[in-house]
Amino acid sequence: MIMPVSLTCPSCGHIIKQVTRSPQIVVCSACNSTNLLVSGRLEEIGESAILTEYPSIFEIYKTYRHKDWKFTPVGRVRYDYGDGFWDEWYVRSDGGKENWISVDEGDIAIEALAHNNIKVPQFNEIHVGGTLMINRVKMTVIEKNSCTMIGAQGELPFKIVPNDTYNYIDLLGPKRVSFTIEYQGDRVDCYKGVWIDPFEITEA
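Residue -1 in my numbering is what sits at position 6 of the sequence shown, and the numbering runs on without skipping anything.
Honestly, the hints are just simulated from the structure, not real lab data. Just to be clear, a hint being listed does not mean it is correct.
[Claimed, not checked] In silico DSS-like links for lysine-lysine, alpha-carbon gap of 25 Å or less:
hint, residue 1, residue 2
1, K112, K131
2, K152, K10
3, K112, K55
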């Protein structure tokens, strides 16, 4: 169990409770300023877009359960992909493990950062409908697109820049296994997860 740490927003003076181990970004819930956490102090680096609330299965800092797993959303990033948007919820379990939950028009996937030694093709070499072998598992490319970060909330483990863009590939494997490849400049991140039934999630 991580004891909350009190931080003071440098913009408005609001007291923010830090609940994750080492967030890089903390968005103030009072004034919506985006702050970088440096040596236990917050430094304002900008302002995050205010997220328009749509009906969602999750609320930040409320605890939920999926089967035997209890987790609490502590941060959220919203991405626009042209035809709509999706939310990435940064969640923390009772044991302190941190994951991501992707919510797109009611579809939900639980994801975690994959090992960084996975070799994947360049973005322009991948085509929708094609297949890739990921860790000896054959996966089908179901989406290839770019997205723009349009808002954030709570605590996040990486630096964010409003209107920042990146390319991504979504793949689907057997038993609803998901795999996402994100391309941003020279950086490539891979996330492995599984699509779940939203009705399996309840408030804890």
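Now for the hints, and whether the structure bears them out:
Between K112 and K131, the direct Cα distance comes to roughly 14 Å. Compliance with the 25 Å bound is thereby established for this hinted pair. With a C-alpha separation of about 19 Å, the suggested pair K152 and K10 falls inside the 25 Å cut-off, and the hint holds. Restraint check for K112 and K55: the C-alpha separation of about 37 Å exceeds 25 Å, so the hint is violated.
Hint check: a violation occurs at hint 3 only; the rest are consistent with the structure.
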